[in-house]
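Starting from the given sequences, assemble the full structure and let the hints guide the process.
There are 4 protein chains.
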Amino acid sequence: MTKTPDATRRSDRSRRAILDASLVLVGEVGYNKLTIEAIAARAGVGKQTIYRWWSSKAEVLLDASLALAGEAGAEAGWTGFPDTGDLAADLKAVLRATVDEFADARYEAPVRALTAAGATDPELGARFTQRLLEPQLALYEARLRSAREAGQLPAGTDLRLTVEMLVGPLTYRWLLRTAPLTHGFADALVDRVLAGVGYVTAGRPDSR
Amino acid sequence: MTKTPDATRRSDRSRRAILDASLVLVGEVGYNKLTIEAIAARAGVGKQTIYRWWSSKAEVLLDASLALAGEAGAEAGWTGFPDTGDLAADLKAVLRATVDEFADARYEAPVRALTAAGATDPELGARFTQRLLEPQLALYEARLRSAREAGQLPAGTDLRLTVEMLVGPLTYRWLLRTAPLTHGFADALVDRVLAGVGYVTAGRPDSR
Amino acid sequence: MTKTPDATRRSDRSRRAILDASLVLVGEVGYNKLTIEAIAARAGVGKQTIYRWWSSKAEVLLDASLALAGEAGAEAGWTGFPDTGDLAADLKAVLRATVDEFADARYEAPVRALTAAGATDPELGARFTQRLLEPQLALYEARLRSAREAGQLPAGTDLRLTVEMLVGPLTYRWLLRTAPLTHGFADALVDRVLAGVGYVTAGRPDSR
Amino acid sequence: MTKTPDATRRSDRSRRAILDASLVLVGEVGYNKLTIEAIAARAGVGKQTIYRWWSSKAEVLLDASLALAGEAGAEAGWTGFPDTGDLAADLKAVLRATVDEFADARYEAPVRALTAAGATDPELGARFTQRLLEPQLALYEARLRSAREAGQLPAGTDLRLTVEMLVGPLTYRWLLRTAPLTHGFADALVDRVLAGVGYVTAGRPDSR
DNA sequence: GCGTAAACGAGACGGTACGTCCGGTCTTATT
DNA sequence: AATAAGACCGGACGTACCGTCTCGTTTACGC
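Protein chains in written order, with full-length UniProt numbering: chain U, 1 to 208; chain X, 1 to 208; chain C, 1 to 208; chain Y, 1 to 208.
In short, the hints are calculated from the structure, not lab data. Backbone N, C-alpha and C define an ideal beta-carbon position, used for all residues, glycine too. It is possible that some hints are incorrect.
Simulated crosslink set (DSS-like; lysine-lysine; CA at most 27 Å straight-line) [to be verified]: (1) Lys57(Y) to Lys47(Y); (2) Lys47(X) to Lys33(U); (3) Lys3(U) to Lys92(C); (4) Lys47(Y) to Lys33(U); (5) Lys33(Y) to Lys47(C); (6) Lys33(C) to Lys57(C); (7) Lys47(U) to Lys33(U); (8) Lys33(Y) to Lys33(X); (9) Lys33(X) to Lys47(X); (10) Lys47(Y) to Lys33(X); (11) Lys57(U) to Lys47(U); (12) Lys33(Y) to Lys57(C); (13) Lys57(U) to Lys47(Y); (14) Lys33(Y) to Lys47(X); (15) Lys33(C) to Lys47(C); (16) Lys3(Y) to Lys47(X); (17) Lys3(Y) to Lys57(X); (18) Lys57(C) to Lys47(C); (19) Lys57(U) to Lys3(U); (20) Lys33(C) to Lys47(Y); (21) Lys57(X) to Lys33(U); (22) Lys33(Y) to Lys57(Y); (23) Lys57(X) to Lys33(X); (24) Lys33(C) to Lys57(Y).
So the derived label-pair ranges between C-beta atoms look like this [claimed, not checked]: (25) Ser56(Y) to Arg10(U): 35 to 43 Å; (26) Arg177(Y) to Gly44(U): 40 to 48 Å; (27) Arg10(U) to Gly46(C): 13 to 21 Å; (28) Glu108(U) to Arg177(X): 20 to 28 Å; (29) Arg10(U) to Arg13(X): 54 to 62 Å.
So, in C-alpha cells, the structure goes:
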C-alpha cells in the first residue's frame, strides 16, 4: 500500500516555487541536464517535497507547462479559437500564433522537452498528449466542424485528418528543425490543406 | 590537444559488437535506461573503446541505426523510390511501407529514441537529420520533381512543402501517438495532399 | 525563549507507550537503527510528543531503562544490597545477579546501547552515569564501608577503587565480549579482589 | 554474486587519504556526526571508492586506528612489553602509558568511537576486539606468563583473569568517566591486583 | 457546564546523508 | 597502438529520518 500524501495540506508556496524553478532551469541548462536536485535547490525546497507530489522531472515539467499555458492564455486575453466566418484566415491566425509560440524561448524549452520525453516514455506521452495536446487539437476540430456545418467543407470531411495535416507539418519542422518556421510556411500550409480538403469560401463556389 | 585515434587500426569486431549491443539494449530497456556501461558489458568491450570512437550513447545509436537502415534496405532489395508513373500509387506504397516500418519493433526503439534525443539536443538533431532523415526526404522530393517535370504537378509547386505535408502528419501520429497509424491513414493523406497541390493524373486533366 | 511545556497536563498514556515502544524496538532492530519516527509510529504518537519531552532517542531510552530498572527491582522484591555479614558471599551474589542481568535480552539491548552512546556523547554519558550507574556503585560502596567499619577490611581501604575492581572487569567482558560471562568468573573476581584488598573474614584474621 | 574489486589495482594514495581524513574528522566532529560523504570530500575521493573497500564508517575507522597504532608504535620505538624482571614496575609503566594514551586526543576519539560502536554492533565488535584489542591483551598475558614461570606468581594463576583485572577497571573509568584517570590510579590498581593474585617479589618473600 | 488553551495525532516541510548507479577519465596488462 | 578490464572522481539518483512547523482534535482546567 503506497501511502498517499494529504493534498489538502499541500504547501502552495512550495508547489509554485517548484514549477517556476523547473521552467527557469529547463531554459538555462536544457532538459537533459535538468536535475531534481537543482530544482529543489533553486526552489528552496526539500527533494522529498518534489518526490512526494511528482514521480519524475518530466511530470513536474508537464504541470509547469500546463500552468504556463493557463497563465499565458489568460494574460493574452485568449477567449477561444477565433471564428470570424473566414476559416482560412482564422486558421492562419492560429498557426501564425503557434509559430510565434514555438519561437518563444519560454515555451520552447519545456514543450520541446516534454514532447521528446513523451515520445520515449509512452506513459508520460499519454499524459502529455491528453492534458496538453488534445485540448488544443479539439479547438481546431471544433472550428473545422463549425465550418463543415456552415457548408464550407464537404460533409464527409475527416476533421481529425485535417487537423493533423495542419498541425503535423508544423510540429515536424519545429521538432526536427528541417527548415525555418515562418508565417509564410503557415499560410502556405493552410492554403494547401484547405484546397486538398475541398474548402469553399463563404457560400460562393471556389473560383480560385 | 585531443589525440585522434588511428582509424585504420580500429577493431571492426568491437565496432559491430557495440552497434549490435546498443540496438538490442535499446529495445530491451529503452533509451532512457540505456547506459554506456551496459553496452560495453553486453558487447564484451571496454568502456574506453566506446568513448574513443563515439561521444555519447546517442551517437552510437545513430551509427547503429544507419547500419541497420543499410542492411534493411539491402535485404529488402530496395532499389530506390518507386516510379511507376502513377505518383499517387507510388507515394501510397512508400508511406504504407513507412507505416509498417514504424510498427516494426526493431526500428521503432532506436529511431524513436534518436528522434526524441535530437529534438532535445540541437547538435545531435542536426546530425540525425542530415544523415538519416534528409536522404529519405530527398528521395520523396526527387519523385515529386519527376512528377512535376512530367506535368503532373503545377510548375510552381513547392516540393519541400509537399514532402513535409506527407511526412509531417505521419511522423506526428507516430511520435505523439494521437491516433493509430494505418494504411488507410497513409492513403487518405496522399489523396488530400495531392488534391491540395493540384495533382493531375498522367497527362490528362483531373476528371475527379 | 523556549516555551516549556506544562508537565501537569502531560499524557501519561503517551509517555508509557513511548517508553515501551522504545524498549521493544531497541531489542528488535538495535540502537543504531532505532529511529524516533519508528518509536512514534509504534507508540501511536505524534513525533512532536516525543520531541516535546525528550531531546534525543538516547534520552528516551535512558528514561525507559530507568523505568525498567525500577519495575524490575520492585518485582524481584529487591530490598537493597544484601548484608549477611559475609562480604564475599554478598558480593558474589550481587555480581552473579549482574551477570544474569547482562544475559537477559530485555536489559541487554537498552543498557548496552546507552553505555555505548554515553561513551561517545559526554553529556549523555554524564546523565547516564549519574542516574543509572552511580546509584548502583553507591550500593557497593556502602556495603564495603559497612565491612570496613566491621573491621573486615583494613582502615585505609580505597572503597572506590575496590568497587571499580569488581565492576570494571565484569563490564569489560560484557561490553567487549572478550570472553564468556559466567558465575565462575564473578566468584573468582570477588576472591582475587578481596584478597588484594586484605579482606579478613568475620573478625578473625585471614587464615587462608 | 558480489563482484569483488581487484586489490592489486587499488590506489594507495586514495587509501591513505581516506584513513587520514577519517581520523581528522572523527577528532573534529565526533563519531556520530562523522559521515562517509565528509570523509570522501575531505580525502578528495569519490564515495564509491570508500564503499568499494569498506562497508561502513566504523570499518574505515578501524583500519585507520590500526594504521595509527602501527605508526605510533614505530615512532615511539616500541619494542614490545617491557620485562625488567620487576613485574610490578613493568605493569605500572605500561598502564601509565595507557593512561597517557587515553588522554591523547589523537587516539581518544577513534578508539572511543570504535569501542562504543563495537559494543553496539557485535560483528564490528568482534573485528575490533580481534584486530586491535586482543594483540594488546596477549602482550600482558605473555608478561604475566613469564612472571609465573619465574616463580613470581603462583602456578595456578589465571592469567586471563589477571589481565582483565588490570585492564578492566582502567577501561571502565576511561569509557564511563566515573572518575579521573591518573597514574596514581594505575599504580594502586597494579598493587591491589598483584596482591590479590599472590605476587612474590623476585625470589624474596613479600615482606610488605 | 462551557470556553479556551495546551497537549495531542498526524504528517508536510526544508534539510542531510545514505548507499547505488553511471558518466567520463585514467591506468594496467594483453594482444 | 588499440584493446578488455576496471579503479577512479564526481555527481545525481531516490529513500530514510532528522527536527520544525502547521493542522484539526481531544482533554481538562478556570471561569
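Q | In rising order, the numbers of the hints this structure does not comply with | A | 3, 8, 14
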